[in-house]
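K.L.:
Below, each chain spelled out in residue letters.
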Amino acid sequence: MTAWTTTSATSRSRRLWESAPASFKVGVAMLIGHILLASVGPFVAPFGSAEIGTGIPLSGMSLAHPMGVDQIGRDVFSRVLYGAHIVIVLSLAGTALGLVIGSLVGLLSAYVGGLFDEIAQRVIEAFVSIPYLVLGLLAVYAAGPGLAGQPALMVIVIAIVYAPRIARMARAAALDIVTRDFVTAARLRGDGAWSIIRRDLAPNAASTLLVEFALRTGYAPALIGAFGFLGFGVQPPTPEWGLMISENRNLILVSPVTVLGPGLTLASLVVAVNLTAEGLARILGRSADFSVR
Amino acid sequence: MIEVQDLTIDYETASGRLRAADAVSFTLAPSEVLGLVGESGSGKSTVALALLGHVAATARLVRGQVLLRGENLLSLPPALLAASRGRRIGFVPQNPAAGLSPHLRVGGQFVELVLQHGVVGSRQEAMTLARDQFALVGLPEPHQLVRRYPHELSGGQQQRVCIAMAVACRPELLVLDEPTTGLDVTTQARIIDLLKDLRSRFDIGMLYVTHDLGVLAQIADRVGVMYAGRLVEIARADRLFSNAGHPYSRGLIASVASVEGTTVRARRLRGMLRRKELPAGCAFFPRCDQSEPSCADRPQALECVSDGHSVACQRWKAILTQSTATVEAETQSVSSRTANPAPLVRLDDVSITYDRRSVWRRLLGCKDRLVVKDLTFSIGEGEIVGLVGESGSGKSTIARALSGLLAPVRGDIRFRGLPLPRLADRSLDLRRDIQYVFQNPDASLNPRERVHTALSRPLLLYFKPDHREADQRTRQILQEVHLEPSYATRFPDQLSGGERQRVALARALVARPAVILCDEILSALDVSVQASIIELLAGLRRETGVAMLFISHDLAVVRHLADQTGVLFRGALVEFGRTEMLFQPPFHPYTEELLLAVPAYRKQARRSRPSASLKTRTPSSHGCVYASRCQHHRGRICDEEVPPWRHTVSGHAIRCHIPLSELENERVIGIDEDGARLAAAIS
Amino acid sequence: MIFRLLSLRFLTAALTLLAVSAIVFAAVEILPGDVATSVLGQFSSETARAALREQLHLNEPALHRYLLWLGGVLHGDLGIALSSRRPITEILWPRVANSLILSGAAVVLYIPLALLPAIAQARHRNRPLDQVLSTSTLVLASVPDFLLALILLVIFVVVLPLLPAASVVTDSTSFGDWLRALLLPASTLAIVMAVYAGRMLRDNLIEVLEAQHILMARLRGLPEWRVIWRHAVPNAVIPTLNVTALNLTYLAGGVVIVEKVFGFPGFGSLMIDAIRFRDVPLIEITVLIASAVYVLANLFADLAALLLNPKLRQARA
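Residue numbers (my numbering), protein chains in the order written: chain G, 3 to 295; chain L, 124 to 806; chain C, 3 to 319.
Quick caveat, the hints were computed from the structure, so don't treat them as lab data. Just so you know, not all the hints are guaranteed correct.
Partner residues aside, some chain L positions facing chain C, computed with beta carbon under 7 angstroms [as the list claims (entries may be wrong)]: (1) L175; (2) A205; (3) R208; (4) F214; (5) P216; (6) A221; (7) G222; (8) L223; (9) S224; (10) H226; (11) L236; (12) Q239.
Listed below are several chain L residues computed to face chain C (Cβ distance under 8 angstroms; list not exhaustive) [as the list claims (entries may be wrong)]: (13) H177; (14) P201; (15) A206; (16) N218.
All C-beta atoms, glycine included, are put in the ideal place defined by N, C-alpha and C.
Please put together the full structure from these sequences, using the hints given.
P.N.:
Here it is, written out as structure tokens:
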């Protein structure tokens, strides 16, 4: 709009990177590794995801089968590679959806205040009071038999589980901002509500929300895995890691690597996102509680 | 007695190493009061804490010693250090509320201390001592107070408790870190009196750290000035105030607005301390008007200029021989505006309660207290009206009511003759005419918006100019508030507090309002910055003719700016009239109290009052609002009947039962015309 | 004053539970469409469905059904489980009792597991020990709880065969066997809770240790042990309690996974089975109870903070 010169965006981000804590860099590196895995995996996997008879069932770790062979004869390592992108996509989509819904509700509720806010608070509180796993299971049930097993269901369930908690966070952040003088100044001036939310509330809540987003995304793979493990998530033969852990669970005494393989890979993804999230929080000057559920 | 040698302390921060104290050296003789003054971030608190042998966990002692009668406190083993603390050196913190453990009773904390240091033998004796000492520092009802928790006491009382504990063991030295900064002006005055009293009684030496020179003028024997971690000047107090050698010291002194009405215009401080851009030589170089090029390269060391006076500036000879230009304040002309301008804003019998948002509260039918009662005054076109009072007096509430955030419960507010509606019902034009500037510069700007965005939002809202006009106007307004155009691309966190307030003012001005509501806009700023903003406001009014409601708790500030001033106490106006009249008898008793509390410049202007003689009565809901604290209380009539307004010949109004003639003569103070002296006759 | 605050808290908690019951009811009986079909399956006969509808009063308007159910619950009548045709009260309480014992064991294990590292971290802030512990906490927290359970299983059942693989307990199990059965599931829960709380505890303890008044106490010359015990610790109790109470809220959902992995016959596995077998009344009750635990844990945290804080005791009107 104007001829004002601004500090270059690239130089600011470079300085940010340099000042970031080591854990952040490790997390980002791991994350990049996972993304590579997800994108390249299916093409380099030695066997197909549903290919049976690749080796002796329950034969344990070997060079040909780094994560062993499950009881139907499928190579677990290949399945893990195929399953990588599923987890990432579902996690991101679900968390993003939850973030959008949650922040809108939270910001609006804080700004409008009054009776609307009181009611919204009660509703949010009610949803949050249902333990997240239970809420997810409830949502799975409520979706009915038609949607069962669909990946889209996972996205919706994650969004439902996260949205209330994010809304609570967004509302708290917005409440803190709304009381600050510059918002009052905008109100006195005559700025419209939407303008205030857009220009005053959202940008200042953005860093909190961004950290929230990162943290929740970190936990989403575990959540999806949990649903898969319990049998309520993605259905076989999809190579979803949690599902694989459940399927191979009975083999754990004989061939634990079939469980630990997908399990530790899942854990490493969560670690990667958590480290990144925590580092992000540090950079943005906030504290991140990665264990908030 | 105490000798600080070459003290150098570094802090490890996220953005690198910060040198909080840089080769600081000075001595403190027994029973001497040394003031240490500097802006925020000058390192004075770090030095103060080092005197107790304390270096923060995130800091590192690079080198240096603190010698107490020969012993280096910084190298003592913990047990010996603990023995010295409290017993040989006492400490009074800046924030008394945070300094007392919230879960323990104040008496208990005192007892623990004296038992630890062996001042008394038994708990019984300790308790008795606690009661005695609390009485000594002027705390009311010590028998009951010892059983209270810290949060049940007022700020002033908490600080007295801290002082009592600091002197409990009769230490040789007292270190005070901005002990009165968080307190009301009146409370501040009383605490300073207490300190002076204790000093003369027990012969305690003190290191008094503050950013407020006016306070030091009353209590300090010598004063050291710190800048960017370095001690740049040290001298006897009277010497420093009359003829300082370092440009920074001179700038500081010039900035202090005093009751006297004259401001030393020359050489005010400009700019702010930017730690990242310090030159290799003198740290003050970027802000110095007296520098020569070599100052930037050559580190300045303290040179002895005369007896007891040392300056760290190579140009001191040139500076000391200059005469200080004392310009008679254009502030005088500010105050002598035309007598009766047309009323722009008029309040009649306005009463306001405190707004509670909660639905629950309304459901439970809580009755709200009246924060402002039956208020009547007006603001004329182009007039600056000041409102002075302590915290809780309701002055901010009035501003909020005028802005529309609160609606009065009773009474009538008019703007240009028409009733002023609630905020929701106001037209855009009306909103434009009444602008608000807030107290806290940190919260009044959107941290995510650059300065030019903050300024252009109101512009676009009210005037819908095209881009070029908008740019032009933004540039122009920045100039008007004395900020360079390059500031437009900055974010608020790149500005100092004073600069942020200027932007906030610019934001208000850009709307070309009829009246600006200034709600304690100077309170959060360092004393040195306040002066420049006051000047700016005066200039703005001259140039644009905008009216202002200027709210403050500081009378001295108001004097330079306002045409008319009202004094508020607990929601009621007790005095109102032309500002100069406020500083001359007759005074309302509360105005008198306020005036006595202003740390005036020259030491001889104030005689000390007995410290513990505050008579407070329980406040009643009828009668005079000030009855519970009034030193001229006349008995039942004050408690039961609302006092009438009494008018002086010049139109000044005072609300008191005491007739004006008595107020004028008996037991009051006066300030003569050139405003240089307060002559007090106090019982 | 305090009475008013307390009653306000209770009221809010009750309202929240009420809202939860509405949500649960809606999710289970209203959303999935025809309840009878979803329970009995698509291939069930119309007569069977009609009978079920009669039994569950499904022909009446939703609000009416909700109020009926709610009224029943408040009077102690929790309904009949569809799958076993027994009154829910009969099946429920033994399971709840089991889960309570499991939770109790978890809490006992959790306290030292959480506090010791947090204290160590707070005292050696920013030094190597702190970094190491922080990183390991983060790594451990990233392991999904079901995986953690399985790993523990592998270690203590496969690698070092010390404990039984399944923690099935019945009325006749001996005390010793009970303990052995509890150990793995309780430890899993305890580790998850300790990791969950560890960060918050560390931050709280640091805040307590670095509070202004602690510095002041030191500057007054009080010996270190006094500063810690008399001035710091009392202020640490409340945030610790707070964190712990919030942790208890995890248990309500955590038992679900853990009981499944170890086969422990508790409340969690009851809920899973209910959902698997589409046992509508049982689902409603179990979810409601899980939420009630959450709400109560929060309430407990609030009350503890309220009662222990001298400032809040005389809170604003």
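K.L.:
Classify the hint on P216/L as holds or violated, based on whether any CB of chain C lies nearer than 7 angstroms to its CB.
P.N.:
holds, 6 angstroms
K.L.:
Answer holds if the nearest beta-carbon of chain C is closer than 7 angstroms to that of L236/L; otherwise answer violated.
P.N.:
holds, 5 angstroms
K.L.:
So, as I understand it, the hint says L175/L touches chain C; can you test that by seeing if any CB pair is closer than 7 angstroms?
P.N.:
It holds, given that the least Cβ distance between L175/L and chain C is near 5 angstroms, below 7 angstroms.
K.L.:
Taking 8 angstroms as the limit, does the beta-carbon of P201/L come near enough to a beta-carbon in chain C?
P.N.:
holds, 7 angstroms
K.L.:
Hint A206/L vs chain C: min CB-CB distance below 8 angstroms?
P.N.:
Interface hint status for A206/L: holds (6 angstroms vs cutoff 8 angstroms).
K.L.:
Just to be careful: measuring from the Cβ of F214/L to every Cβ in chain C, is the smallest value less than 7 angstroms?
P.N.:
This interface hint holds because 5 angstroms falls under the 7 angstroms limit.
K.L.:
Would the hint on H177/L be counted as holding, given a Cβ-Cβ threshold of 8 angstroms to chain C?
P.N.:
holds, 6 angstroms
K.L.:
With chain C as the partner, please determine if Q239/L meets the hint condition of a C-beta pair closer than 7 angstroms.
P.N.:
holds, 6 angstroms
K.L.:
Let me know if the C-beta of G222/L comes in closer than 7 angstroms to any C-beta of chain C, holds or violated.
P.N.:
holds, 4 angstroms
K.L.:
Going by Cβ atoms only, is A205/L closer than 7 angstroms to chain C?
P.N.:
OK, holds: A205/L within 7 angstroms of chain C, min 5 angstroms.
K.L.:
Holds or violated: is there a CB of chain C closer than 7 angstroms to the CB of A221/L?
P.N.:
holds, 4 angstroms
K.L.:
R208/L was flagged as interface toward chain C. Is the shortest Cβ-Cβ separation under 7 angstroms?
P.N.:
holds, 4 angstroms
Against the hints set out earlier in the document, no violation occurs for any number.
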